[in-house]
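Undergrad: Each chain is listed here by its residues.
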Amino acid sequence: MTVTATRAPVEPARTEHAATRANPLRFVILGALLALLLIVIAPLLIIAINAVKSPADYAGGGPLSLPTHLYWDGIVDFWNRVNFGQKLWNSFITSFVVAVLGVLLSILNAYALGIGKVRGRLWFLVFFLVANLLPQEVLVYPLYFLSKEVQLYDSLISIVIIFTVIQAAFGTYLLTSVYQEFPTELLDAADVDGAGKVRTLWSVVVPVSRPTLGVLFTFFFIWTWNEFFLPLVFLVSNDNQTVPVALGVLQGDRLMDATMTSASGLIGILPALIFFLVFQRTLTRGITAGAIK
Amino acid sequence: MISFRAGRSAGALLLATSLALTACGGSGDSSSEEGADAKTLTLWHYEGPTSAMGIAWNKAIEEFKTTHPGVEVKFEEKGFEQIQQNAQMILNSDSAPDIMEYNKGNATAGLLSKQGLLTDLTEEAGKRGWDKALNTGLQTTTKYDDDGIMGSGKTYGIPNYAEYVEVYYNKDLFKKYNLQVPTTLDEFTTVMDTFVRNKVTPLAVGGAEYPAQQILYSLALSKADRAWVDDYQLYKNKVDFKGPQLSYGAETFKQWVDKGYIAKNSAGIKAEDMGVSFSQGKFPIMISGSWWYGRFVNEIKNFEWGTFLFPGNKLHPGSSGNLWVVPEKSKAKALAYDFIDITMKPEIQALLGNNGGVPVAADAAQITDPKNKELIENFNKLSAEDGLAFYPDWPAPGYYDVLVAGVQGLINGSKTPGQVLDEIAKPYDENLADLGK
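Chains as they are written, first to last, in numbering that gives the first Met the number 0: chain A, 0 to 292; chain B, 0 to 436.
For reference, chain A alone in the conformation it holds in the complex (with noise of 0.2 Å):
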């Protein structure tokens, strides 16, 4: 998989003809998208309505009744009993540093790897595509254990140290993949004007590669936001603990408290459908970044 798509080639003159003839089969396609559409939102629609009802309207009506008034308490009382605040802090610094360090890692590893041409690259490659494919669940164990030795279990570090090792991994691999197509017109003009390694790296390939690395900048962000199991094991206190982890106290025994859930729910999944439609721009430029104007 690599970032290197074609533009697709866009014809003002054609569409402009097409829209003047009326098709039937362009109401069709609308239709048929509108519906998928409705079908993708449908979740998030469920969880604002349920959300904003008491629970005696929920018991009374289920889950797919329109709320009588709008209840506010549910997201309010949450918010209070779990210092709902301090979770977001929690999470969007964890989740900084780690898009920061994680991107400045694979930007390094890339960098050897891509345009180095390092010996045994390949298997470094092997290497980093197999730790992406481990499960958490097998990490746990010995990272539990080392994170006990070094003083850092119940510590946000531990789950900034641990993440951004497992983002770079997959940023390194797919980074490598782009820097190897990294035009060499542009490296040895660096070379004939007397940059070095470093100057090479900093003035040229990360300016060019910029897009692809907003790209991960990104999703290491929203990745490392809705981890649930690492930071459930590592985070001990309610003092540390992130946004999902919080969430995870609605859950009971036997009992569920659906309103409540769905306010958290909704509260939770805020701040990253934010900062996600923030950065979308970021996005697609970076899907059509690579590709050599």
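Everything labelled a hint here was simulated from the structure, so no lab data went into it. We put the beta carbon where it would ideally sit given N, CA and C, even for glycine. Warning: the hint list may mix true and false statements.
As the list claims (entries may be wrong) - Facing chain A, a subset of chain B residues (Cβ under 7 Å, in silico):
no., residue
1, E75
2, F79
3, Q81
4, N85
5, I89
6, S92
7, V275
8, S278
9, Q279
10, W290
11, E298
Model the placement of chain B on the given structure of chain A, informed by the hints.
TA: Chain B only, in chain A's frame:
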């Protein structure tokens, strides 16, 4: 989602085995003065703040603060999932709390006690009279032997509340069809026949989770005695799955499906949806645990409802609630004992009872709320007959899923009662063989 879960439990299993090898730090020091001078008490539980336990325990924390002025109580509300997944790792680290709520049973409290992660409370329970406050049925889940099997051995946890399976019914619908509360199984069948004749499916059942197997077990218990329960749950003697008890349970359950008491589509219904459908008034009867009680009191506004014990039965699915355990690594054991002692006091127990919980040591006269009186009177009746028969999925690890699948087969009609009994007998017997019994 399913494979994800399977992966997680595989990971947990891996952990369990490897931790068992490393956790051998049980010092066995059970002096009640240990940690009496600690300045903080870290306390974890996973009950919601508005549940009966949450309310009662918050009050207990207040009380503890007044009796121990110099001690800071660090309370953290945990998720059930987090404790369930990580208890072994947490208790084996310095982040262990001083006292926490934990699940009763062989696979949970039993396993931790076997690994030496829990403090032996036997001496303390005797000294402070906790053992006398709990009846024999409740004590079963507090004691674990050297193999971590419940029923005998040392006391490792103290429950504050109990739970049992009963029958919830919609009084308005009973009145509409002119029906009385049944006192025998035959009368119960007649009631359900009346509903079926009027095109109403009588039972709300969640076949995808615990409720259906508890109905089958209740039916089996109608033919069983205490000795059979001991055989099935505590491995006293070998259980014949084709014997009169379980055969009757499976056959009758099948009849209930055939007669239309249980809807065919309930095989895919979750417990939560079952509860909601009952609270919506879609079904007149629901057979499930006392854990719904407090929620129904607060949430059912559209009709009158009540409860009765499974008609004719002397034994009912049920047990003690979750336990207070003191981790071996607790730095304030003496304070933890003091806290448990407070939770067993009559006023805390009464508070639990008045908020929809089933207190283990309450004075019935102190329960003022009429709705909750019914819940506790039923429990006292059951308790007086030594009627707690535990849950059908307890005897073997992973047995819950086996029973869900078996009962789903009965609801779908894809398996005969005989096939189902064979299917559920196999893992049970395999577990016995593993235990060397």
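Undergrad: Does each hint fit the structure? Answer for all of them.
TA: Structure-based check of each hint:
For B:E75, the interface hint holds, since its Cβ comes within 7 Å of a Cβ in chain A; the closest pair sits about 4 Å apart. Residue-level restraint check for B:F79 holds (minimum Cβ-Cβ distance to chain A is 5 Å; threshold 7 Å). Because the beta carbon of B:Q81 sits about 6 Å from the nearest beta carbon in chain A, less than 7 Å, this interface hint is met. Because the beta carbon of B:N85 sits about 6 Å from the nearest beta carbon in chain A, less than 7 Å, this interface hint is met.
Given the 7 Å rule on beta carbons, the hint for B:I89 holds: about 6 Å separates it from the nearest Cβ of chain A. A least Cβ separation of about 5 Å between B:S92 and chain A falls short of the 7 Å threshold, and the interface hint therefore holds. Hint on B:V275 holds. Least Cβ distance to chain A is approximately 6 Å, under the 7 Å limit. The closest approach between the C-beta of B:S278 and any C-beta of chain A is roughly 4 Å, which is under the 7 Å cut-off, so the hint is satisfied.
Proximity of B:Q279 to chain A holds as hinted, the smallest CB-CB distance being about 6 Å (cut-off 7 Å). The beta carbon of B:W290 is positioned within 7 Å of a beta carbon in chain A (closest approach about 5 Å), and the interface hint is therefore held. Interface restraint check: B:E298 against chain A, minimum CB-CB distance 4 Å, threshold 7 Å, status holds.
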